[in-house]
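Q: The primary structure of each chain is shown beneath.
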Amino acid sequence: MNGPDPIDRLRKILESVAPDLDVSTIGVDEDLRNDIGLDSMDFLNFMIGISKQLGVAIPEADYGKVTTLAKCVRYIEEQGRIKRAPA
Amino acid sequence: MSDFRMPSLGADMEKGTVVEWLKKPGEKIARGDVVAVVETQKGAFEVEIFEDGVLSEILVPVGTEVPVGAVLARIESGEAKPLAKPAPPAPRPAVAPSPTPPPRPSLPSAGERLRLSPAAARRAAELHVDPHSVTGSGQGGAITLADIEAAVARAGRTTGEKGRRGFDPSAMRQAIASAMARSKREIPHYYLSLPIDMSRALQWLAAENARRDVENRLLAGVLLLKATALALKDVPELNGFWIEGGPRLSTGIHVGWAISLRGGGLMAPAIHDADGKSIDQLMAALRDLVVRARTARLRGSEMTDPTVTVTSLGERGAERVYGVIYPPQLAIVGFGAVRPAPAIVDGAVAARPTVYATVSGDHRASDGVSGSRLLAAIDSRLQAPEAL
Chain A
1191 MNGPDPIDRL RKILESVAPD LDVSTIGVDE DLRNDIGLDS MDFLNFMIGI SKQLGVAIPE
1251 ADYGKVTTLA KCVRYIEEQG RIKRAPA
Chain B
42 MSDFRMPSLG ADMEKGTVVE WLKKPGEKIA RGDVVAVVET QKGAFEVEIF EDGVLSEILV
102 PVGTEVPVGA VLARIESGEA KPLAKPAPPA PRPAVAPSPT PPPRPSLPSA GERLRLSPAA
162 ARRAAELHVD PHSVTGSGQG GAITLADIEA AVARAGRTTG EKGRRGFDPS AMRQAIASAM
222 ARSKREIPHY YLSLPIDMSR ALQWLAAENA RRDVENRLLA GVLLLKATAL ALKDVPELNG
282 FWIEGGPRLS TGIHVGWAIS LRGGGLMAPA IHDADGKSID QLMAALRDLV VRARTARLRG
342 SEMTDPTVTV TSLGERGAER VYGVIYPPQL AIVGFGAVRP APAIVDGAVA ARPTVYATVS
402 GDHRASDGVS GSRLLAAIDS RLQAPEAL
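Protein sequences, first through last, are from chains A and B.
Take the position in the first sequence, starting the count at 1, then add 1190; the result is the number in the working numbering.
Take the position in the second sequence, starting the count at 1, then add 41; the result is the number in the working numbering.
These are calculated hints, taken from the structure and not from any lab test.
In this text, all values refer to a predicted model and were calculated from it rather than measured experimentally.
Treat each hint with caution, since some may be false.
As the list claims (entries may be wrong) - Sample of chain A residues lacking proximity to chain B, with all beta carbon distances greater than 12 Å (derived):
1) Pro-1194
2) Pro-1196
3) Ile-1197
4) Asp-1198
5) Lys-1255
6) Ala-1260
7) Lys-1261
8) Val-1263
9) Arg-1264
10) Tyr-1265
11) Glu-1267
12) Glu-1268
13) Gly-1270
As the list claims (entries may be wrong) - Estimated spans, in silico, between C-beta atoms of each pair:
14) B:Gln-322 x A:Ser-1206: 19 to 25 Å
15) A:Asp-1219 x B:Asp-321: 32 to 38 Å
16) A:Gly-1254 x B:Ala-212: 35 to 41 Å
17) A:Ile-1197 x B:Gln-215: 36 to 42 Å
18) A:Asp-1219 x B:Ala-392: 28 to 34 Å
19) B:Tyr-232 x A:Ala-1260: 40 to 46 Å
20) A:Lys-1202 x B:Gly-317: 33 to 39 Å
21) B:Arg-252 x A:Gly-1217: 32 to 38 Å
22) B:Val-386 x A:Glu-1220: 38 to 44 Å
Even for Gly, the Cβ is constructed at its ideal location relative to N, Cα and C.
Isolated chain B (complex conformation) (with noise of 0.2 Å):
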C-alpha cells in the first residue's frame, strides 16, 4: 500500500485542487497513468502515477483544496516496484505537511447543496450554464467540467473553447510573482551575452523551408532549442537543480521551453532529452507543447522536468532577454529576436542577421566562464546548421 500525493508542480506551487479523477477506485493503473487532473495556481494538469497497482481509495473528492505532499488516494501496489521514478527535484524539500489539514471544501457558496469543482464552476458561468440543471458524473455526483461541456454539447452549442481551462490570470501573476521573488532572493544570478551571426542558420532554415510543405516547415526557435541542448552537454553544470545547498546535475538535459500565454503569464514545460532529438522530433515536440499549454493539457512531471530553461523572444521581441533563473534550476538562456546588426566580416563592417543569446547562471553552481562557454559552444552550434 502506498500514498498517492498532491504533487508540488514548481517552485511556486503550494497547494492544489483535485477538479477531475480519471481513474476509480479498484481500477488498475500503470505507471504513466494520468489519474487525476490537477487545478494549481498555473491552471490545470495531468497527473501521472509513477507505480504500478490498483488504486483503492480516493481520499480527496473533487473539488477540494489540499496542500502539497497532502495524500489523494492510496494505491494497493502489485508485484510493482516502488518508486521507480526518483523524486522529482522538489523546489523545497517535499515535506508533507503531517498532520494533514483537513481539507477545505472550496465549493462556491452559491452552490447550496450542489457539489461542482471550481473548473466547472467558472465554465458553467462562461457557457451561461445553470449547474442545476446539470447531472454529475463525478465522485459523489459532483458535476465536473465535462459534464458542464457535455450539457452544452447535448444543447447543441459548441463550447468554443476559450482560454485554458482552470485559468486565473491573477493567481497565475500570483504564482509567478511567488517563483521569482524566491529565485532573486535565494540564486545570485551572474549574466553574460553574446552576439550570434545567424546568416548561415538562416539559409539554411529558408532552404530548407522552400523545399518542404508547409506542414514540415521548420522554425528559427527549434535551431536554437537545439544548439542550446547540444551545447549543455559540453557545458553540464549549468543542467540541473540546486538542491539542499549544493549543485545536482542531470544527465538527461530536458529543456523547459518558456511559452508565453495570451490571457497573461508564461510556463515553460519540458521537451525531454532535446539534445538526442532530430531537429523534425523536436519542431513536433515544440508544435505539441504549445497547443498543450494553451489549452491546459500539459502533464504534471513537464513541470518539474526541466533542467534548464530557454526563453527565446521571437521576431518580435526585445533585442537581448536576461531572464530569472527558475528555482531550483541551474541557470536560463535566453534569446532576443533576429535582426540586422554591423558585424566585421573579413575586416570590413557588414550587416548581418544577429541573435544575442545570454545565459543567467546560478554563480553558487557555476563560474562565469562555463556560462562564457556555453555560449561559445551555442555559437559554434549555429555556425554548422545542417549538423543540428
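If we strip away everything but chain A, and leave its shape as in the complex, we get (with noise of 0.2 Å):
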C-alpha cells in the first residue's frame, strides 16, 4: 500500500463504521471479531467502507484471510490494487 500509513487508512474506515470505538488502540494484530468485538454487521460495513474507499471488494468466502487489521493490508496489497492516495 503507497501513500499515508495504511494501517491508518484502515482505521479511519473502521471509526467510520464503529464511531462507539477508540480505533487508535487497536492492535494490528487483534483479531476484529475476537477481541474487539465487531459483529457481523459491523465487518460488513467495514468490508463496505474498504470497497468504496479503497477500491477492494473483498468476497464474502475471504472473510476468513482479512480477520486482523495487518491480515487485511496484505489481502489489499495481494490484490495489488489500492490506489495511491492523493496526498
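Combine the two chains into a complex, taking the hints into account.
A: Written out as C-alpha cells, the structure reads:
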C-alpha cells in the first residue's frame, strides 16, 4: 500500500463504521471480531468501507483472510489494487 | 391545550432528563416530530410528539430530571385530532405522578451558576473543554451537548465521537437489572428449543452474496428475523403484551432486535412491521438501527413499540439462548450460533449447519403448544429462503 500508513487508513474506515470504538488503540494483530468485538453488521460495514474507499471488494469467501488489520493490509496488497492516496 | 409528558421508554424507566429541546415555544409541531432529547438510564433518546399543534410553553428546562408522566410542555392543539396514537403499552399503567414533585435540577455542583446538561457536562469532561468558555444556546442560556461539540469543532479538534451520548454503563446495568428482575418475578416463563437445518438458507445466502455488490450483501440474521416475523403471523398469540392482567395481542409485528452495546448492556429497538418488509428493506432497517443504537439516535417510540423480541447471538455466540422476556411482551425468540451438527438425513448421519431456535413464552398468555408451533413455523420458513 502506498501513501499514508495503510493501517491508519483502515483505522479511519473502522472509525466511521464503529464510532463508539477508540480505533487508535486497536493493535494490528488483534482479531477484529473476537478481540475488538465487531459484530457481523460492523464487519460488513467495514468491508463496504474498504470497497468504497480503497476500491477492493473482498468476497465473503475471503472474510477469514482479513480478520486483523495486518491481515487486511496484506490481503489488499496482494490484490495489488490499492490506489495511491492523494497526498 | 394538551400536555406533553415525560414518556415511559420501557419497563425499566422511572425518570428521565430533558437534555435538549429541539422546538421552541411558539413553534408549529406536527405528529411524528422529534421535540426533545431525553436522557434515561439507557442513554439518550429522541422523543416524538403524537399530535399536531403549537408548542406553547416549555415547563421543564434542559438538565432537569423528572419522573415518567411529568408534564414537560404544553401543546396548543390545532384542529388536530387528539392523540391518534393509542397510548403506548406502558409497562406500569401510566400513572402520572400527581402532584408532580418539583423537578430536581441535576446539575453538577461544580458548575456554580453555569447551566449545562449532564450529557454536556460529561462530554465537556471527555473532550477537556472548559464549559465556562462555551456560550449556551439552550433554554435560559443552558449549555447543550451541541454547544460543547460546536466549541470543540471551532477549536479545530475532532470530536472523535467516542461512546454514546448520555451513556452511563452502571445506569444501563441498573436499568437491565430492574427490568429483568421484574420479568423473572412476574412472568412464568416456559422454554422450548428446536434445532434447524440451515443448509438451504446458507446456500441461498452465499449465492446471493456472491452475485451482489459488497454494499448489498445480506447477513444471516436478516433471514432469521424475517422467518420469525412471518412465523408470528401464524402464531399471533405470542405477539403483543400482557397488560392489566390479560393478553393484548398486536396486529402489527414490530420486532425488537437485541443489539449488544460495546460499552456494556443492550437494547432491543423496534423494526416496525417486519413481516411486511422485503429482505433488502429489513437489511437496510437493521443497518440503520444498529448505527443509531450505537450513537444514541434512537427514537422513544422505537423503545416502546416492540411486540416481541428476537435475540440472535451471531457467529461467535453460544449454541442456545433462552432469553428473559422483556415486560410487558409475551415472548422472546433466540438464535444461537450456526454450527455444524450431526443430523439424520435419509436415515444416515450427516453434518449440517444448524441453528438452535428457542422461544421463551409467557405461560399466562400461551402454552408450550403455541411456542412449538412458532418454532416449527420458523423452521419451515427457513427451508424456503427464496420466499422470505
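Q: Quick one: which hint numbers does this structure break? Sort them smallest to largest.
A: Of the numbered hints, all hold.
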